[in-house]
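J.: Protein sequence lines correspond, in order, to chains A and B.
Going by this note's numbering, the first sequence opens with residue 1, and the numbers climb by one from there.
Going by this note's numbering, the second sequence opens with residue 1, and the numbers climb by one from there.
Derived by calculation from the structure, the hints in this document are not laboratory data.
Check the hints yourself; a few may be wrong.
[Unchecked claim] To give a feel for the contact side, a few chain A residues facing chain B, derived at Cβ under 10 Å:
id : residue
1  : P391
2  : P407
3  : R408
4  : T432
[Claimed, not checked] In silico negatives: residues of chain B with every beta carbon more than 10 Å from chain A:
id : residue
5  : I43
6  : W64
7  : I176
8  : M223
9  : V229
10 : L290
Here a beta-carbon is modelled for each residue, glycine too, at the ideal position from N, C-alpha and C.
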Amino acid sequence: MKGKTNFFTLLMMVVLIGLLTACSNDSSNTNEDGEWTGKITIWDGPRWAQEGDDSGEDGEGNKYFWLEEKIEEFEAEHEGVEIELVQVPWAELPDKLGVNIAGQSWPDIAPVDISGSAVSIEHIEQGVIESVDEFFTEEELADFYDNALEAYTHEDKLYGVPNSITVHSMLLNLDLFEEAGVTPPENGEWTWEEFVDAAEQLTFDRDGDGETDVYGFSTYILEGYYEAWPFFYINGGQPLSDDLSEFTFDDPEAIEAIQQLADLKLEKEVAPVSMGGADVGGTFQAWANEEQRTVAMQPWATWAITAAQTSYPTNFMVANYPTGSTGEPVTLGGVGGWTMFHQEDEGKKAVVAEFIKHISSTDEQYRMSKEYGVFPALISAAEMDPYADNPEMARALEMSEQVVMLPRHTEWKKIDEVIQRELQLVFNGEKTAAEAMEAAKPEVESLLE
Amino acid sequence: MKGSKASMTMNKNKGTWYLMKKNYAAYLFLLPKLVLFTTFIAIPVVWAFILSFQEYKIMGGNDWVWLANYTDVFKSEAFKKALMNTTIYTLVTVPFNVITALIAASLIHSLGRFAQSFFRAAFYLPTVASMVIIAMVWRWMYNYEFGLFNYVIGWFGFESVNWLGQSNTALWAIIIMQMLIPFGVGIILYLASMSSISESLYEAATIDGANAFQKWVKITIPMLKPSTVYLVLLSTIGSFQVFTQIILMTGGGPGYATETIVHLIYKTGFRDFEFGLAAAQSVVLFFIILVISIIQYRALRHDE
């Protein structure tokens, strides 16, 4: 009997210790000066490695060293504060964050915007994201570009700290232009007709076997990705009306623009059959990989400029998207930054905000612009001229004046899915642009309601 | 009478408690598994069922919406397309995989010991390999420009096919992939069951003048019926849960051509954060699988 009692006592102790251990995971305190101490978790993706660092299995070096350095600095200045960096590949970040948000096990800080990729306006409304207004003075906020702040603002409150701006631009392989005897557009400015003319000349059979070896143009269509979309705006079209109450991609200007881009493949045959598919990596490889280079022109976000200067050395230039009937060049842009997730402790919230400011300062944004291929969100960082020795990035920066932003609607992810899925059918020739947008309209409008 | 019924119940309860006390060691050994099962299976299943009647709020305070999520599921065009695609996928892959496993196992069973071991390992290997790797290899094989399939059909003068990029080929490309991955579990299970069939049945058939094919049809296949029932149920459940291939190879596109139920549930939950609706979709999937499993079980076992 005594043996049984001892066994049960032991069992209960094991269970109790287990529970106490689980509960003590996020312990935090306040020190004598009233400052919060404890652990902060930050997620980040790979950025850039130090020059000459070829460590790691792939020899690409430690691409987290910058944030590791900043963490070390901050911990030295704030005794009792420990910052844990969780390394997450960029491609996995939205899914991983989604799962963690669902389980209420989010990090304290993550590099996401609030446009809907992983975090949306709905999360703000549910209190998952913290506002950071109280930690910035008027003067500090005035140093941010307006569109950068706007991207993180909801109902007059700031829900993140912008640290970078990206734009989509056309990347032209100059070696293929030279091979085909085509003159690149002067200052990267051209009309739709000039662009089509170049694409036709850049589509050629290199070895005379009767098969096309190089295509003039290609891109892909996938939910959450918008490289092709500036083409749909060039005649004045846009997906939703300004007041977000109506679907407008079925307007004639948008229909014409969508169809003419699809016809580059379907009628003019200056784009490969894979154009309009969902293979992002394959599309980029076709332009950038030295062993392929089967496409002369592709639209990409700013990161591709850095990739073409470093990982995939390419002789290229940056150009505008061609102009359509409006005569005005247009592109889409994005804003990156740090978002703070829900905090229970006001003291911790202040320290988290301080760390976000620490990694988003003018000097850090300047450094990131130079090394990582993004534009700074701070005017003071841009004034330090990070692209003095990088004409391609400087050219892309000029394009930021042409930027239009995607609609900010709470249901945008679903609207985007409906539109992009119909666009895929246009680009594989199963529907015309008019049929596809007609099919998308009722679904989108029910979401707008 | 009432008193005696109450007394019987008390005795019964007393008996249960007595048995539990008597066999406490067995219950203690069962406890870890029971705790794990309750924590990771039973509670989530019950919670998902409750959630299917609610509108989920991340920060808590879910609202009861009762049958609204179920109404949304049955009204959703995406769900109907996903259900259709999943059904086609199941109707083609399950019979094909089970029949080919049976044929492969029958052929392997007639081989020598060494050859049997070799083929058993060879056919089981893809089962061990991650579906992620298999899907990525197949995506390359289906690539329009550089893929193996277009290279091979090019030899015979056929034009290249945009396997994963066309609505009329994408789902079939995924189905073909599933059909060409050997059903390793099925082969191993059939081989084990074949070993337990009494040799005397075949000897009697031989005396009666039956040829090899007749013996296979009249003895082997009927004797393997329990294994067949199990494999059909197992692969039907697996087919209705097809996900990895979809998310890695097509993302459900082009359009909704390869959308499947589990992929749709995943998107509804982890992309749109509509866990109530995702739970309702899961409950519907659960009942679909349950009904099909019961029908299959009864149809395949009815003569036993």
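J.: Compare the structure with each hint and give your call.
T.: Hint check results:
1. P391: With a closest approach of 32 Å, the P391 (chain A) hint is violated.
2. P407: 17 Å, violated
3. R408: 17 Å, violated
4. T432: 14 Å, violated
5. I43: 14 Å, holds
6. W64: Non-interface label on W64 (chain B) holds, nearest chain A Cβ at 17 Å vs cutoff 10 Å.
7. I176: For I176 (chain B), whose nearest Cβ neighbour in chain A is about 18 Å away, the distance exceeds 10 Å, so it holds.
8. M223: It holds; M223 (chain B) is separated from chain A by about 46 Å at its closest Cβ, greater than 10 Å.
9. V229: 36 Å, holds
10. L290: 26 Å, holds
Of the hints listed earlier, those the structure fails to meet are numbers 1, 2, 3 and 4, in rising order.
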